[in-house]
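> Can you make the complete structure from the sequences, with help from the hints?
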Amino acid sequence: MIQMTLFINGSDMKKKLFGQILRILISVMMMTGIFYHSYDILRAKFASNEAYDGSNFRSLPKDSIDIIVLGSSHAQYSFVPSFMYQDTGLYSYVLGSACQQMSVSYQMLKEALKTQSPEMVIIEIYTVTPAKEECDADGCIVLASYQMTGQERKETLDLLPEEKATSYYNTFINEHNNWKNIEDLRIFLQNSHADSKNNFGYVYNSYHQSKNNWYPNIYEDEEYADSHISESDLNAINNIYSLCQEKDIDLLLYMVPHENISEEDQTVRYELWKWAEERGIKYQDYVKDCEDIYYHIKLHGDGYHSFLNGAALITDNLAKFIMDNYEFSSHEVNETIEKALKANENLYMLEVLRTEHNPEIYLRRLHNYDGTIIFRYNAWEQLLGNSFIKKLKDLGISTDFDSYHDYFAIIKDGEIIAESEDDLSYVDEIGHEYDISSKEIWVDGRLIDGDDPLSIVIFNEDFSDYVIKHTQRVEPSWDNDSHKYWERDYNRFYALDED
Amino acid sequence: MFFGSFYYEIPKSLPQLDITSIYYVVFLFLVFCFARFFNSYIKTTAICLANTLFLFSFGINCLVVAAVMALYTFFSALVLTKKKNKAFLLLLIIPEIAYLILAKYQFINSIVMSIGLSFYTFKNISYLIDIYRRDIKVVTNPFKYYAYSCFFACLIAGPINRAGSFFKELDKYEEFDYVDSKNGGIQVLLGIFEKIVICDYIKEIAEILLGNNALYGYFVLLGVLLYSLAIYLDFDSYSNIAIGSARLMGFHLDKNFKSPYLAINLKDFWNRWHISLTTWLRDYLYIPLGGNIHGSFRKYLNIIIVFLVSGIWHGGTLNFIIWGFLHGIIRIVEEVLEKPFKKLEINNYLKKLFSLSRLIINYIIVSFLWIVFKYSDIGEISNIFRRLFIYNCFDLKALGLSINELAWLSVLLIIVVLSDILRDRFDMLMVISKQFILIRWLFYFILIVVFLIFGVYGGSYDPNDFIYKWF
Numbered sequence: 001m002i003q004m005t006l007f008i009n010g011s012d013m014k015k016k017l018f019g020q021i022l023r024i025l026i027s028v029m030m031m032t033g034i035f036y037h038s039y040d041i042l043r044a045k046f047a048s049n050e051a052y053d054g055s056n057f058r059s060l061p062k063d064s065i066d067i068i069v070l071g072s073s074h075a076q077y078s079f080v081p082s083f084m085y086q087d088t089g090l091y092s093y094v095l096g097s098a099c100q101q102m103s104v105s106y107q108m109l110k111e112a113l114k115t116q117s118p119e120m121v122i123i124e125i126y127t128v129t130p131a132k133e134e135c136d137a138d139g140c141i142v143l144a145s146y147q148m149t150g151q152e153r154k155e156t157l158d159l160l161p162e163e164k165a166t167s168y169y170n171t172f173i174n175e176h177n178n179w180k181n182i183e184d185l186r187i188f189l190q191n192s193h194a195d196s197k198n199n200f201g202y203v204y205n206s207y208h209q210s211k212n213n214w215y216p217n218i219y220e221d222e223e224y225a226d227s228h229i230s231e232s233d234l235n236a237i238n239n240i241y242s243l244c245q246e247k248d249i250d251l252l253l254y255m256v257p258h259e260n261i262s263e264e265d266q267t268v269r270y271e272l273w274k275w276a277e278e279r280g281i282k283y284q285d286y287v288k289d290c291e292d293i294y295y296h297i298k299l300h301g302d303g304y305h306s307f308l309n310g311a312a313l314i315t316d317n318l319a320k321f322i323m324d325n326y327e328f329s330s331h332e333v334n335e336t337i338e339k340a341l342k343a344n345e346n347l348y349m350l351e352v353l354r355t356e357h358n359p360e361i362y363l364r365r366l367h368n369y370d371g372t373i374i375f376r377y378n379a380w381e382q383l384l385g386n387s388f389i390k391k392l393k394d395l396g397i398s399t400d401f402d403s404y405h406d407y408f409a410i411i412k413d414g415e416i417i418a419e420s421e422d423d424l425s426y427v428d429e430i431g432h433e434y435d436i437s438s439k440e441i442w443v444d445g446r447l448i449d450g451d452d453p454l455s456i457v458i459f460n461e462d463f464s465d466y467v468i469k470h471t472q473r474v475e476p477s478w479d480n481d482s483h484k485y486w487e488r489d490y491n492r493f494y495a496l497d498e499d
Numbered sequence: 001m002f003f004g005s006f007y008y009e010i011p012k013s014l015p016q017l018d019i020t021s022i023y024y025v026v027f028l029f030l031v032f033c034f035a036r037f038f039n040s041y042i043k044t045t046a047i048c049l050a051n052t053l054f055l056f057s058f059g060i061n062c063l064v065v066a067a068v069m070a071l072y073t074f075f076s077a078l079v080l081t082k083k084k085n086k087a088f089l090l091l092l093i094i095p096e097i098a099y100l101i102l103a104k105y106q107f108i109n110s111i112v113m114s115i116g117l118s119f120y121t122f123k124n125i126s127y128l129i130d131i132y133r134r135d136i137k138v139v140t141n142p143f144k145y146y147a148y149s150c151f152f153a154c155l156i157a158g159p160i161n162r163a164g165s166f167f168k169e170l171d172k173y174e175e176f177d178y179v180d181s182k183n184g185g186i187q188v189l190l191g192i193f194e195k196i197v198i199c200d201y202i203k204e205i206a207e208i209l210l211g212n213n214a215l216y217g218y219f220v221l222l223g224v225l226l227y228s229l230a231i232y233l234d235f236d237s238y239s240n241i242a243i244g245s246a247r248l249m250g251f252h253l254d255k256n257f258k259s260p261y262l263a264i265n266l267k268d269f270w271n272r273w274h275i276s277l278t279t280w281l282r283d284y285l286y287i288p289l290g291g292n293i294h295g296s297f298r299k300y301l302n303i304i305i306v307f308l309v310s311g312i313w314h315g316g317t318l319n320f321i322i323w324g325f326l327h328g329i330i331r332i333v334e335e336v337l338e339k340p341f342k343k344l345e346i347n348n349y350l351k352k353l354f355s356l357s358r359l360i361i362n363y364i365i366v367s368f369l370w371i372v373f374k375y376s377d378i379g380e381i382s383n384i385f386r387r388l389f390i391y392n393c394f395d396l397k398a399l400g401l402s403i404n405e406l407a408w409l410s411v412l413l414i415i416v417v418l419s420d421i422l423r424d425r426f427d428m429l430m431v432i433s434k435q436f437i438l439i440r441w442l443f444y445f446i447l448i449v450v451f452l453i454f455g456v457y458g459g460s461y462d463p464n465d466f467i468y469k470w471f
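Chain order of the listed sequences is A and B. Quick note on numbering: the first sequence equals residues 1 to 499 in our numbering. Quick note on numbering: the second sequence equals residues 1 to 471 in our numbering.
These are calculated hints, taken from the structure and not from any lab test. In this text the structure is predicted, and so the values were computed from the model without any measurement. Among the hints, a few may not be true.
Unchecked claim - In silico SDA-like cross-links for lysine to any residue, where the CA-CA straight-line distance does not exceed 25 Å:
#1 B/Lys182 to A/Tyr36
#2 B/Lys434 to A/Ile21
#3 B/Lys172 to A/Tyr36
#4 A/Lys282 to A/Glu327
#5 A/Lys16 to B/Asp180
#6 A/Lys154 to B/Leu452
#7 A/Lys15 to B/Phe29
#8 A/Lys15 to B/Asn61
#9 A/Lys45 to B/Leu409
#10 A/Lys15 to B/Gly250
#11 A/Lys16 to B/Glu405
#12 B/Lys172 to A/Arg23
#13 A/Lys180 to B/Leu369
#14 B/Lys182 to A/Thr336
#15 A/Lys14 to B/Lys172
#16 B/Lys182 to A/Gly19
#17 A/Lys14 to B/Glu405
#18 B/Lys434 to A/Val28
#19 B/Lys172 to A/Ile24
#20 A/Lys45 to B/Ile421
#21 A/Lys180 to B/Gly250
#22 A/Lys16 to B/Leu452
#23 B/Lys258 to B/Phe143
In structure tokens:
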């Protein structure tokens with residue numbers, strides 16, 4: 001007979017033993033508690049940027065976001081929520097990740113709907129096309145999962161083989177190795193989440209290549225028999241559509257131009273547009289429209305990802321499309337979000353102006369600029385085009401731009417605070433000193449510019465940085481590839497609007 | 001994988017009970033509850049079940065081979081009690097040795113190499129010899145013998161514990177000792193820490209230094225010395241986990257390592273390194289061969305035989321035999337060379353200096369012999385030695401390691417040296433357990449944080465990949 005006898009005799013022994021068992025249990029619990037608590041704190045300290053993105057999103061005020069953008073890195077690099085806000089007053093957030101599959105976007109949307117109730121979901125569709133095969137699928141799923149929590153995270157990782165899913169469930173498994181490259185040990189003292197910057201999911205890409213008149217491939221045959229949307233992508237996008245219908249959310253699709261678009265890619269893209277049309281879903285095909293919006297791959301993107309000025313182009317166009325086609329009834333002003341969006345807007349604005357050379361685009365953007373602008377027109381022989389002059393006048397410039405009168409002006413927050421046809425000396429209310437003549441522009445004792453015919457100097461908020469735009473009439477050269485006239489000197493812009 | 005097991009789903013199949021996995025920690029705690037608080041009968045049953053589960057987690061083959069070997073030894077011992085005959089003893093031992101050699105050297109492909117085979121075969125042999133010598137009483141309960149032979153705590157990489165003391169503790173009916181169990185638990189956790197934080201990092205760097213053919217001279221030398229540390233820490237950490245696990249269940253196994261790199265010669269080294277194997281070879285091979293009582297030649301021959309057997313026991317390739325042979329030869333050379341110095345009278349200061357230089361020389365010799373141990377391909381060994389003698393500039397940038405990584409390596413080396421010196425002089429577990437509770441818990445907290453940040457886990461790296469695992 002089995003005797004389950006404990007090693008105890010008498011009540012004192014019994015008490016002692018149970019006391020010891022209690023000590024063991026308390027010790028094990030304490031050890032486990034310390035372990036998990038330390039793990040939790042360190043996980044936050046070592047978290048990847050993607051994890052911060054997810055955490056930043058969840059920390060937004062509940063039901064404050066109007067537009068959720070889902071998609072791959074093409075979405076992360078092409079959609080700037082600050083510019084969307086500048087253009088429309090709407091709040092948006094990009095929930096994207098590298099090579100984000102549609103099935104991952106579906107999980108991402110479910111994750112988003114836990115805290116937000118957007119009126120619109122915009123989906124960037126790069127990964128539906130066969131071009132996505134260049135992506136490292138496993139790693140991308142892991143990165144996307146970092147942004148999610150609970151069931152959504154689990155279901156995303158379930159797209160991986162079981163072993164990998166298990167090992168990646170806890171981000172800290174891989175991220176703890178970040179200690180190898182930590183330069184500032186203060187990371188251990190900081191509240192990492194509070195310090196992380198919220199870009200609303202946009203990934204800043206300032207790298208700017210020299211101009212090359214290059215548009216993506218567009219094939220004449222609109223259908224290629226051997227290529228279709230994959231079943232899993234179709235299921236996922238149907239799921240997204242159903243979820244949006246259920247929650248009364250408008251769905252909009254878009255595609256960012258990129259290099260090496262094949263016939264198969266185009267066929268699948270068109271198949272998706274057809275799918276959208278059948279359901280009354282609108283879409284923006286910027287591959288097809290890239291010439292219309294002046295999006296040249298090498299100028300506005302690195303081949304696959306938009307530079308900031310390319311992102312501004314896409315966002316501006318999406319904003320216009322949205323304002324023309326949709327209504328947002330539940331938008332509520334939130335000061336915290338506006339402050340954050342505005343801070344980003346000021347940060348990006350100067351960079352957009354620096355890298356954008358198309359006056360059609362950048363004068364429009366300048367129109368919304370809240371900083372300080374110096375405008376100088378040196379009377380010259382070659383006249384500017386009418387359309388160009390109209391855009392300058394939109395800034396508040398009142399001169400006729402003739403060849404007899406110079407014109408100098410200082411514009412602040414959209415208002416002209418000083419203007420003159422003679423040399424202009426001015427001290428603004430903050431104390432900045434301006435000396436503007438046809439030969440030189442001086443600000444706070446610094447020589448800013450020489451004697452260009454037309455100069456626009458744009459300062460940032462604290463005058464620590466500025467951008468100068470020049471213009472002079474230069475005959476455009478003929479581009480054999482595109483069979484178009486093209487201005488190659490990008491330190492100067494050419495007034496495109498010829499009569 | 002250690003952290004992989006934090007995944008909230010219960011695994012669908014039985015996970016491998018790797019000794020550094022969270023599964024093992026939970027498994028150990030459960031066995032502890034049954035083995036420590038109940039009588040001998042329950043204790044035996046719990047350990048038998050634990051052994052079975054543990055072996056089964058590595059595959060049914062491992063379980064079958066280990067169980068059959070245990071059963072064979074059990075019945076052989078019963079027969080030996082009735083017939084004390086040396087030839088008969090040898091006859092009974094031969095199948096065990098034959099299976100070990102066949103499995104290790106894979107002479108026949110269908111022979112199953114079970115995990116821990118070398119270790120439990122030696123335990124089985126020592127048991128039969130002890131019975132033959134009438135040093136211990138025969139066990140009449142096959143489950144008790146199975147509990148000993150396949151004792152899960154030291155199944156994979158030793159120590160090779162002896163039957164006598166194990167059965168005594170298995171039968172012992174004693175009051176629960178909280179401090180003893182607690183120290184066992186702490187030793188297990190420290191062993192895991194030693195493996196995942198210290199050993200695996202040093203091993204990683206050593207592998208970079210040895211494996212990168214673009215690195216020469218000092219880098220290779222550093223790689224050799226680091227690998228030597230890594231192999232020690234790897235084995236020592238396993239032994240700590242094993243000894244701690246056994247202690248949790250009330251079994252007190254002897255230390256398997258006593259700061260071996262503080263040894264001043266090879267004889268001293270083998271008295272400190274894998275002590276359970278060294279004493280096994282001494283008791284069951286060296287002494288039966290005649291030990292040192294038949295003159296110098298026989299003694300040296302016996303030393304060579306013992307080291308050759310040690311080499312063969314370690315692995316199934318030629319490099320292990322060479323490694324064992326070289327150890328034997330150098331051990332003899334040392335003994336011959338040291339004889340004249342023994343009579344020298346020098347002052348204490350010089351004595352210490354002399355000991356220190358011997359310690360360093362011994363460490364270098366042992367380290368280079370580990371290279372022979374590490375590589376089964378002679379070409380790889382000669383490649384290491386070729387690269388060792390090419391000296392160009394020593395630019396740490398060539399390693400591709402960050403400043404943080406180099407700094408952490410330095411910290412680890414200091415920790416290893418200091419802790420070995422301290423462990424050589426004190427029972428560190430007792431030192432820790434005597435500290436004020438807040439200091440103790442602060443120590444645990446620091447270890448946990450260091451473990452989480454600096455532990456080598458994640459990615460494709462497997463912390464359960466013990467060097468001695470498949471010996």
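> Now, for every hint given, state plainly whether the structure supports it.
For each hint, the structure was consulted:
| no. | hint | in the structure |
| --- | --- | --- |
| 1 | B/Lys182 to A/Tyr36 | holds (21 Å) |
| 2 | B/Lys434 to A/Ile21 | holds (20 Å) |
| 3 | B/Lys172 to A/Tyr36 | violated (38 Å) |
| 4 | A/Lys282 to A/Glu327 | holds (14 Å) |
| 5 | A/Lys16 to B/Asp180 | holds (15 Å) |
| 6 | A/Lys154 to B/Leu452 | holds (23 Å) |
| 7 | A/Lys15 to B/Phe29 | holds (22 Å) |
| 8 | A/Lys15 to B/Asn61 | violated (45 Å) |
| 9 | A/Lys45 to B/Leu409 | holds (22 Å) |
| 10 | A/Lys15 to B/Gly250 | holds (21 Å) |
| 11 | A/Lys16 to B/Glu405 | violated (48 Å) |
| 12 | B/Lys172 to A/Arg23 | holds (24 Å) |
| 13 | A/Lys180 to B/Leu369 | violated (32 Å) |
| 14 | B/Lys182 to A/Thr336 | violated (53 Å) |
| 15 | A/Lys14 to B/Lys172 | holds (19 Å) |
| 16 | B/Lys182 to A/Gly19 | holds (14 Å) |
| 17 | A/Lys14 to B/Glu405 | violated (52 Å) |
| 18 | B/Lys434 to A/Val28 | holds (19 Å) |
| 19 | B/Lys172 to A/Ile24 | holds (22 Å) |
| 20 | A/Lys45 to B/Ile421 | violated (35 Å) |
| 21 | A/Lys180 to B/Gly250 | violated (41 Å) |
| 22 | A/Lys16 to B/Leu452 | violated (35 Å) |
| 23 | B/Lys258 to B/Phe143 | violated (33 Å) |
Of the numbered hints given earlier, the model fails hints 3, 8, 11, 13, 14, 17, 20, 21, 22, 23; all others are met.
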